[in-house]
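2 protein chains.
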Amino acid sequence: MRTDPFCWASVSELGAALGSGDLSCVEVVDGFMARISALNLSAVAFIDVYEVEARARAAWLDQHGSVHPLHGIPYALKDLIDIKGQRTSAGSAVFADHIAEKDAEVVTRLDRAGGVCLGKANLHEFAYGATGENKLFGTAVNAYDSSRLAGGSSSGSAAAVAWGLVPFALGTDTGGSVRSPAALSGLVGLKPTYGRLPMDGVVPYSWSLDHLGILTRSVSDCAAVFGVLTDSNNSGESSGGGHTLSAWASRISSTALRGKTIGVPREFFFDNVDQEILAATESVIDFLKREGVSVKEVATPDLRFARTVSLTIQMPEALSFHMPWLEKRPEAYGEDFRTGLALGQQLLAEHYVRAKRFMTIYRQEVDRAFETVDALITPSTPIVAPKIGTIDVSTNGVTEPVGNAMMRFTNFFNTTGHPAISVPSGIHSSGLPMGVQLVGRAFGEWELFAFAQAINVEPAFKLPRPAV
Amino acid sequence: MRTDPFCWASVSELGAALGSGDLSCVEVVDGFMARISALNLSAVAFIDVYEVEARARAAWLDQHGSVHPLHGIPYALKDLIDIKGQRTSAGSAVFADHIAEKDAEVVTRLDRAGGVCLGKANLHEFAYGATGENKLFGTAVNAYDSSRLAGGSSSGSAAAVAWGLVPFALGTDTGGSVRSPAALSGLVGLKPTYGRLPMDGVVPYSWSLDHLGILTRSVSDCAAVFGVLTDSNNSGESSGGGHTLSAWASRISSTALRGKTIGVPREFFFDNVDQEILAATESVIDFLKREGVSVKEVATPDLRFARTVSLTIQMPEALSFHMPWLEKRPEAYGEDFRTGLALGQQLLAEHYVRAKRFMTIYRQEVDRAFETVDALITPSTPIVAPKIGTIDVSTNGVTEPVGNAMMRFTNFFNTTGHPAISVPSGIHSSGLPMGVQLVGRAFGEWELFAFAQAINVEPAFKLPRPAV
Numbered sequence: 000m001r002t003d004p005f006c007w008a009s010v011s012e013l014g015a016a017l018g019s020g021d022l023s024c025v026e027v028v029d030g031f032m033a034r035i036s037a038l039n040l041s042a043v044a045f046i047d048v049y050e051v052e053a054r055a056r057a058a059w060l061d062q063h064g065s066v067h068p069l070h071g072i073p074y075a076l077k078d079l080i081d082i083k084g085q086r087t088s089a090g091s092a093v094f095a096d097h098i099a100e101k102d103a104e105v106v107t108r109l110d111r112a113g114g115v116c117l118g119k120a121n122l123h124e125f126a127y128g129a130t131g132e133n134k135l136f137g138t139a140v141n142a143y144d145s146s147r148l149a150g151g152s153s154s155g156s157a158a159a160v161a162w163g164l165v166p167f168a169l170g171t172d173t174g175g176s177v178r179s180p181a182a183l184s185g186l187v188g189l190k191p192t193y194g195r196l197p198m199d200g201v202v203p204y205s206w207s208l209d210h211l212g213i214l215t216r217s218v219s220d221c222a223a224v225f226g227v228l229t230d231s232n233n234s235g236e237s238s239g240g241g242h243t244l245s246a247w248a249s250r251i252s253s254t255a256l257r258g259k260t261i262g263v264p265r266e267f268f269f270d271n272v273d274q275e276i277l278a279a280t281e282s283v284i285d286f287l288k289r290e291g292v293s294v295k296e297v298a299t300p301d302l303r304f305a306r307t308v309s310l311t312i313q314m315p316e317a318l319s320f321h322m323p324w325l326e327k328r329p330e331a332y333g334e335d336f337r338t339g340l341a342l343g344q345q346l347l348a349e350h351y352v353r354a355k356r357f358m359t360i361y362r363q364e365v366d367r368a369f370e371t372v373d374a375l376i377t378p379s380t381p382i383v384a385p386k387i388g389t390i391d392v393s394t395n396g397v398t399e400p401v402g403n404a405m406m407r408f409t410n411f412f413n414t415t416g417h418p419a420i421s422v423p424s425g426i427h428s429s430g431l432p433m434g435v436q437l438v439g440r441a442f443g444e445w446e447l448f449a450f451a452q453a454i455n456v457e458p459a460f461k462l463p464r465p466a467v
Numbered sequence: 000m001r002t003d004p005f006c007w008a009s010v011s012e013l014g015a016a017l018g019s020g021d022l023s024c025v026e027v028v029d030g031f032m033a034r035i036s037a038l039n040l041s042a043v044a045f046i047d048v049y050e051v052e053a054r055a056r057a058a059w060l061d062q063h064g065s066v067h068p069l070h071g072i073p074y075a076l077k078d079l080i081d082i083k084g085q086r087t088s089a090g091s092a093v094f095a096d097h098i099a100e101k102d103a104e105v106v107t108r109l110d111r112a113g114g115v116c117l118g119k120a121n122l123h124e125f126a127y128g129a130t131g132e133n134k135l136f137g138t139a140v141n142a143y144d145s146s147r148l149a150g151g152s153s154s155g156s157a158a159a160v161a162w163g164l165v166p167f168a169l170g171t172d173t174g175g176s177v178r179s180p181a182a183l184s185g186l187v188g189l190k191p192t193y194g195r196l197p198m199d200g201v202v203p204y205s206w207s208l209d210h211l212g213i214l215t216r217s218v219s220d221c222a223a224v225f226g227v228l229t230d231s232n233n234s235g236e237s238s239g240g241g242h243t244l245s246a247w248a249s250r251i252s253s254t255a256l257r258g259k260t261i262g263v264p265r266e267f268f269f270d271n272v273d274q275e276i277l278a279a280t281e282s283v284i285d286f287l288k289r290e291g292v293s294v295k296e297v298a299t300p301d302l303r304f305a306r307t308v309s310l311t312i313q314m315p316e317a318l319s320f321h322m323p324w325l326e327k328r329p330e331a332y333g334e335d336f337r338t339g340l341a342l343g344q345q346l347l348a349e350h351y352v353r354a355k356r357f358m359t360i361y362r363q364e365v366d367r368a369f370e371t372v373d374a375l376i377t378p379s380t381p382i383v384a385p386k387i388g389t390i391d392v393s394t395n396g397v398t399e400p401v402g403n404a405m406m407r408f409t410n411f412f413n414t415t416g417h418p419a420i421s422v423p424s425g426i427h428s429s430g431l432p433m434g435v436q437l438v439g440r441a442f443g444e445w446e447l448f449a450f451a452q453a454i455n456v457e458p459a460f461k462l463p464r465p466a467v
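Chains as they are written, first to last, in numbering that gives the first Met the number 0: chain A, 0 to 467; chain B, 0 to 467.
Just chain A, with the same shape it has in the complex (with noise of 0.2 Å):
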């Protein structure tokens, strides 16, 4: 396939390419389109792609000069973030004529950059579920198990990455709709800190607890899209402004490690795990260990109503914003949806209220943690990829709902507001991908990424790339 040479490129080989005139925008942009063409009636990634927008814009770039750090990188947006005069289908019927009035302010942000948006990601029905399976525009399927899910609810965001159809993409995390599919995916996933990136433009689950994040192939990649997009210099101005991709990603600190600490909230984050997860999580620590990093076991918070917190926040949130179309089309809800607002209609002002509280006791916890620790570490998932249309699933005897497992891990984190990712830790005997989560310091995603870059590049968690 004639993208072969560049599709499975890092971001910041890519932005080498561009930047020398190696590769043109309009030559890239090509290549991901044919790749996109070929692949995603397999993929279910893309709702829409935007062909001629993509080629007009990398067109104009081509003839403006590539001073900007993201200089015709193409990617895709989980389609719950606006571009103006575009529909935001939410994934949902009841969205699926929505036109989008303006840019969402990361799109803008990423317009600045010289980013080039290739489409719209599929995703579970207003990111409510986990597993991404959407009846209305299909389930995105996992680049190394076509019987198996890609993860969700960013689940197209994932599968694009995952599939080489783009180098990034950016999803919503409310429960771990970034850092699932990730791990299920093979790919690195950030929820950076609460309003660490701004929601303008994103349709809301549960603004209380939606992140938006960054899902690519490797943490330097990660890093540069998180550089770009948190980036004050990125102003637009034509003189280019802010820093380079290479710049970026070099911000990691890679000797930084020797002294630093991490914590292993060994109580509920390593119970009825996966064995093969669990001992890639030990494998993980103990090279942490040999890098110089002390480990320090940490107790984990009392988290018995965290899950009930949780939802006890999303679903009052998620009713109030719905209601409007919810009293006039009720049918055009997916019924999983309808259940769960429904339930967010029996809840008391107290019950939210005290769930409010629980969220800042957890938050103080975590930031008491990092007194004497500078990250955390569990496995992302206690599973690896299930088959589509898994309603249960079994782990040590304990059978739990498919979409509960996959956030077991991950969803505490955005009642805590702490920045988390989750890097690959290997490839389990079924041919998936594992992975581990890392959690920082409010504000800490640089600290973060020291950690996961040095799992990222230890050959002994790499994984294949798929074949795909």
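No lab work stands behind these hints: they were computed from the structure.
There may be inaccurate statements among the hints.
Below, a list of computed lysine-lysine pairs in the DSSO-like style, where the Cα atoms sit at most 27 Å apart [stated by the list, open to error]:
{"no.": "1", "chain 1": "A", "residue 1": "Lys259", "chain 2": "A", "residue 2": "Lys288"}
{"no.": "2", "chain 1": "A", "residue 1": "Lys327", "chain 2": "B", "residue 2": "Lys327"}
{"no.": "3", "chain 1": "A", "residue 1": "Lys355", "chain 2": "B", "residue 2": "Lys327"}
{"no.": "4", "chain 1": "A", "residue 1": "Lys101", "chain 2": "B", "residue 2": "Lys355"}
{"no.": "5", "chain 1": "B", "residue 1": "Lys101", "chain 2": "A", "residue 2": "Lys355"}
{"no.": "6", "chain 1": "B", "residue 1": "Lys355", "chain 2": "A", "residue 2": "Lys355"}
Footprint (simulated), chain A over chain B, 3 or more residues, beta carbon under 8 Å [said to hold, decoys possible]:
{"no.": "7", "stretch": "312-318"}
{"no.": "8", "stretch": "349-359"}
Note that the Cβ used here is the ideal one computed from N, Cα and C, for glycine as well.
Position chain B against the provided structure of chain A, taking the given hints into account.
Relative to chain A, chain B alone:
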């Protein structure tokens, strides 16, 4: 009475006399204590008086120099504010034996600044109510007419200052509980921007709306206390750090008004107001115009739901805090408050979430008004201080519960979080004080003081001293 020479002195005058050694801290404390002994039975201002502690503190201060900005200045605290080792009754039988474990942050700051707490001031039970009527501790009495309310819920804080028992007091304001008693008692009452003064160590009523506030007899006193409380240099080092009182008072720019614009939201805020209060407010507006201020009529936000929004936030938050005590000792709560909490139990999470969204909209609307004006002006209250025991009041044929009337114009600005100050606007034919409310930009307290100060020093709006 021995206290006559200084019991009505301003904070700055007292500070000057204490700084120069004309008065000792012990003399000042003894003087005010004598006045409290003589008058508190009539004023019902204090719940607890710290005669021994205040004298010991004053003696210590006399020995240890006078470099701190509030050196030896007495004050009172609404009895929701913790002092380590003292009880915080919250005006309730429920907390009557509750001993605080540490100082509220604001107490720490006043201590560092050299202030001397004379005691804890009376209040409406748990700050739930505008009248200050309190069956357990009695009802604080208006200094201008002992058959009338001082206002509430910071009733004792207002009475303590108005009766000349302290030069300043702190209160809390969730719907107007500092500004309304200030207006009714002839004082200056500031509710700073939401979050500007720390609520740590203050018994909450509704944390989304609670504001700590300041009650004084003049704007320059208010500015001086606000300056000390917000001074990042007020660090408690023996060097004394921080600005002097007179430096804070002189930070108010007296000439800055020319060219500024004041907004007049006539709809709602000028409806159904006592004719003399309305005329006084117009006189203030005319005066500002003569001082070079442009007057601009501004649209009033749609306030149909504002009271409901406020209650929908207050009651579940109050309920959430009180639940542990409410379950154990329901009979210890006054009937009013128990009824309010029962109402809170009926509210759905969806209602609360919607009310929070209204808060955001209200804040944005008021922020927008400040794009074309520098302050807003309204009457502080539509009525003068009611008789103790009043249930309903009628203005222009419209009858409402007395508490609603007292908070009618202040309530909204707790939902928006903007700073607001009540300043005397003259004396009513009944002999009772009247006030205007000025509202400023978020974190624009010093700009607000400039407007307030101009009105406060104008002879036309001066109040006679109460005959107490």
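Evaluation of the provided hints:
The straight-line distance between the Cα atoms of lysine 259 of chain A and lysine 288 of chain A is roughly 10 Å, inside the 27 Å bound, and the hint therefore holds. The straight-line distance between the Cα atoms of lysine 327 of chain A and lysine 327 of chain B is roughly 45 Å, outside the 27 Å bound, and the hint therefore fails. Only pairs whose Cα atoms come within 27 Å are accepted, and lysine 355 of chain A paired with lysine 327 of chain B is accepted, the gap being roughly 23 Å. Between the alpha carbons of lysine 101 of chain A and lysine 355 of chain B the distance comes to roughly 25 Å, so the proposed pair stays at or under 27 Å and holds.
The straight-line distance between the Cα atoms of lysine 101 of chain B and lysine 355 of chain A is roughly 25 Å, inside the 27 Å bound, and the hint therefore holds. Straight-line distance between C-alpha atoms of lysine 355 of chain B and lysine 355 of chain A comes to about 13 Å, which keeps the hinted pair within the 27 Å bound. Residue count for the stretch 312-318 of chain B with a Cβ under 8 Å from a Cβ of chain A: 4. That meets the three needed, and the coverage hint holds. A count of 6 residues in the stretch 349-359 of chain B with a Cβ less than 8 Å from any Cβ of chain A is obtained; the coverage claim is therefore met, three being the minimum.
Taken one by one, the earlier hints fail for this structure only at number 2.
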